[in-house]
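S.K.: Count the sequence shown with the numbering used here and you get residues 47 to 268, in order.
These are calculated hints, taken from the structure and not from any lab test. Given the structure is predicted, the values throughout are model-derived calculations rather than measurements. Glycine included, every Cβ here is placed at the ideal spot set by N, Cα and C. One should not assume that every hint holds.
Claimed, not checked - In silico lysine to any residue, SDA-like type, Cα no more than 25 Å apart, as pairs:
| id | residue 1 | residue 2 |
| --- | --- | --- |
| 1 | 137 | 88 |
| 2 | 260 | 118 |
| 3 | 137 | 154 |
| 4 | 157 | 216 |
| 5 | 260 | 132 |
| 6 | 157 | 78 |
| 7 | 157 | 211 |
| 8 | 157 | 145 |
| 9 | 157 | 206 |
| 10 | 260 | 245 |
| 11 | 157 | 115 |
| 12 | 260 | 137 |
| 13 | 137 | 153 |
| 14 | 157 | 75 |
| 15 | 157 | 207 |
| 16 | 157 | 215 |
| 17 | 137 | 161 |
| 18 | 137 | 202 |
| 19 | 137 | 171 |
| 20 | 137 | 97 |
| 21 | 157 | 213 |
| 22 | 157 | 256 |
| 23 | 137 | 168 |
Stated by the list, open to error - Simulated restraints, written as ranges between beta carbons of each label pair:
| id | residue 1 | residue 2 | range |
| --- | --- | --- | --- |
| 24 | 217 | 151 | 32 to 42 Å |
| 25 | 235 | 213 | 38 to 48 Å |
| 26 | 203 | 71 | 45 to 55 Å |
| 27 | 88 | 240 | 35 to 45 Å |
| 28 | 235 | 125 | 22 to 32 Å |
| 29 | 76 | 264 | 39 to 49 Å |
| 30 | 243 | 142 | 27 to 37 Å |
| 31 | 87 | 214 | 16 to 26 Å |
| 32 | 121 | 206 | 41 to 51 Å |
| 33 | 92 | 246 | 28 to 38 Å |
| 34 | 230 | 142 | 38 to 48 Å |
| 35 | 91 | 240 | 40 to 50 Å |
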Amino acid sequence: MLRLLCQLILLAAESAAQLAKLTGLPLSAPERLAWERERLAAFQRGEPSAFSDLYRAYAGLIYARIVLPILRQPAAAEDALADAFERAHGKLHEVRIEDRSVFFWLARIAKNRALDMQRRSIVERLATAKLEAEAPLPDALELDAEAELSVRDEEQVLATRIRAVLDRLHPRYGQAVRMRILDERSREDCATTLGVSVATFDVVLLRALRAFRKSWQEPTGT
47 MLRLLCQLIL LAAESAAQLA KLTGLPLSAP ERLAWERERL AAFQRGEPSA FSDLYRAYAG
107 LIYARIVLPI LRQPAAAEDA LADAFERAHG KLHEVRIEDR SVFFWLARIA KNRALDMQRR
167 SIVERLATAK LEAEAPLPDA LELDAEAELS VRDEEQVLAT RIRAVLDRLH PRYGQAVRMR
227 ILDERSREDC ATTLGVSVAT FDVVLLRALR AFRKSWQEPT GT
């Protein structure tokens, strides 16, 4: 494992340069397709960095355009993305993609996984609601006024912390998260507000969510 990690680090600079050249190119651009074919061939030869390159090229795009709009929750979307690429890794030795970008194959796997998770979530919510309706809590277990106040206090603390984390982010990132996640505005509406294309907003949102997660996990002062 250590040897593999060292190989990945040594190849990182070269891979980053190659990926930078692809930025902005259409999915059908000959240069992009040629790069994909070379990476697929390298993966099938057993080159450790090949799949990592494909992941870095398309994971962010698939997250922002496919799984997050379906699941609408960053944590669930991240799980779906991870599952999708894990499945893709297991099938990539067999797949043959000749006439289009590998992005579409990866996106289909991710979309199917996200839809599976969405359906399961709906079923679980319906089942929970049915159980609660058929077996209501006895009066003895109902929250009293003091307990309800405690729950509200905890919710207020959580809301305050969320606002504090958003305020620490770059203003553009904070605005993107508030609009898309908290206010549940459409991608198109958010992009218009920021004065950018929808594709650019997707990138901004993905970076904003990463920054939010990093800041959220940092220890808070006492």
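S.K.: Holds or violated: residue 137 and residue 153, Cα atoms, limit 25 Å.
M.R.: holds, 14 Å
S.K.: For the pair supplied as a hint, residue 260 and residue 132, is the alpha-carbon distance within the 25 Å limit?
M.R.: Holds: residue 260 and residue 132 sit about 23 Å apart, inside 25 Å.
S.K.: Going straight from one Cα to the other, do residue 157 and residue 207 come out at no more than 25 Å?
M.R.: violated, 32 Å
S.K.: Given a hinted range of 35 to 45 Å, is it respected by the beta-carbon distance of residue 88 and residue 240?
M.R.: holds, 37 Å
S.K.: So if I understand the rule, the pair passes when the alpha-carbon distance is 25 Å or less; does residue 157 with residue 78 pass?
M.R.: It holds: about 22 Å lies between the C-alpha atoms, which stays within 25 Å.
S.K.: Keeping to a limit of 25 Å between CA atoms, is the pair of residue 137 and residue 88 held or broken?
M.R.: At roughly 15 Å apart (the allowed maximum being 25 Å), residue 88 and residue 137 satisfy the hint.
S.K.: Given the hinted pair residue 260 and residue 137, is their Cα-Cα distance within 25 Å?
M.R.: The given pair, whose Cα atoms are some 32 Å apart, is violated under the 25 Å limit.
S.K.: Given the hint that residue 157 pairs with residue 75, test it: the Cα-Cα distance must not exceed 25 Å.
M.R.: holds, 23 Å
S.K.: Quickly compare the C-alpha distance for residue 137 and residue 171 to 25 Å and report which way the hint goes.
M.R.: violated, 32 Å
S.K.: Do the alpha carbons of residue 137 and residue 154 lie within 25 Å of each other, as the hint requires?
M.R.: Holds, at about 13 Å.
S.K.: Holds or violated: the 28 to 38 Å window for the beta-carbon distance between residue 92 and residue 246?
M.R.: holds, 36 Å
S.K.: Are residue 157 and residue 216 close enough, with their CA atoms no more than 25 Å apart?
M.R.: violated, 30 Å
In summary, the structure is inconsistent with hints 4, 7, 9, 12, 15, 16, 18, 19, 21, 23, 25, 31, 32 from the numbered list given earlier, while agreeing with the others.
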